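Here the protein sequences line up with chains A and B, keeping their order. Start counting the first sequence at 1; every next residue gets the next number (my numbering). Start counting the second sequence at 1; every next residue gets the next number (my numbering).
Since the hints were made in silico from the structure, they are not lab data. Some hints here could point you the wrong way.
Straight-line Cα separation of at most 27 angstroms, DSS-like style, residue types lysine-lysine; simulated pairs [claimed, not checked]: (1) 13/A x 65/B; (2) 71/A x 37/A; (3) 13/A x 45/B; (4) 71/B x 37/A; (5) 13/B x 37/A; (6) 37/B x 13/A; (7) 71/A x 13/A.
Predicted, not measured: the structure shown is a model, and the values here were computed from it.
Given next are the chains, with one letter for each unit.
2 protein chains.
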Amino acid sequence: AVVATELRCQCLKTVSRIDFQDIQSLKVTPPGPHCTKTEVIATLKNGQEVCLDPEAPLVRRIIQKILNNAKSS
Amino acid sequence: AVVATELRCQCLKTVSRIDFQDIQSLKVTPPGPHCTKTEVIATLKNGQEVCLDPEAPLVRRIIQKILNNAKSS
C-alpha cells in the first residue's frame with residue numbers, strides 16, 4: 001500500500017511496544033487534511049506495517065537511536 | 001515510487017533546510033542491508049521527496065515538533 005497518498009487516517013489502533021531490531025523504517029505524519037491526528041507508522045523488516053503511539057516515549061527513543069546511529073557512522 | 005521496497009540507498013544528496021509547513025510526512029530509515037547509511041526522506045505536500053541530513057539538528061527539531069503537536073492535540 002502506498003500509504004503516503006491515502007486520504008484518510010492510517011492508524012486505527014496503535015501498539016506501545018516494538019523491537020528496535022524489527023524496524024525497517026519509521027514514518028511520521030503530522031496532522032493534515034487527510035487526518036487530524038499525528039501518525040507514526042513503522043514498517044517492519046517482514047513487510048508488516050505497525051502504528052505506534054506518537055505520544056509514547058518509546059517512539060522518541062527509537063528516533064533518537066536512529067539519528068544517533070547516523071552520527072556515529 | 002514505493003521507497004520502502006527499494007534495495008539501495010535513496011539519498012544521493014541531502015538538503016539542510018526545509019519549511020516545516022511543506023512537509024506531508026517524514027520517513028526515517030536506519031542502516032540496513034539495502035543501505036549502510038541512515039536516511040531521512042521528507043515527502044512534501046506537493047508530492048516531491050527530499051532527503052534531509054540525518055545529522056542536522058533541524059531534523060530532530062522537526063520530529064520533536066510533530067510529536068509535540070500530537071501531545072497537545
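Going down the list of hints, with the structure as the test:
Restraint check for residue 13/A and residue 65/B: satisfied, since their Cα atoms lie roughly 22 angstroms apart, inside the 27 angstroms limit. Note on residue 71/A and residue 37/A: the hinted pairing is violated, with a Cα-Cα distance of about 30 angstroms set against a maximum of 27 angstroms. The hinted pair formed by residue 13/A and residue 45/B meets the criterion: a straight-line CA distance of about 25 angstroms does not exceed 27 angstroms. Among the hinted pairs, residue 71/B with residue 37/A is consistent with the structure: their alpha-carbon atoms are about 10 angstroms apart, no more than 27 angstroms.
For the given pair, residue 13/B sits about 31 angstroms from residue 37/A by alpha-carbon distance, which is inconsistent with the 27 angstroms threshold. Our distance criterion of 27 angstroms between C-alpha atoms is broken by residue 37/B and residue 13/A, whose separation comes to about 31 angstroms. A C-alpha spacing of about 33 angstroms is found between residue 71/A and residue 13/A, which places the hinted pair above 27 angstroms, so the restraint is violated.
In terms of the numbered hints stated before, the structure departs from hints 2, 5, 6, 7, listed from lowest to highest.
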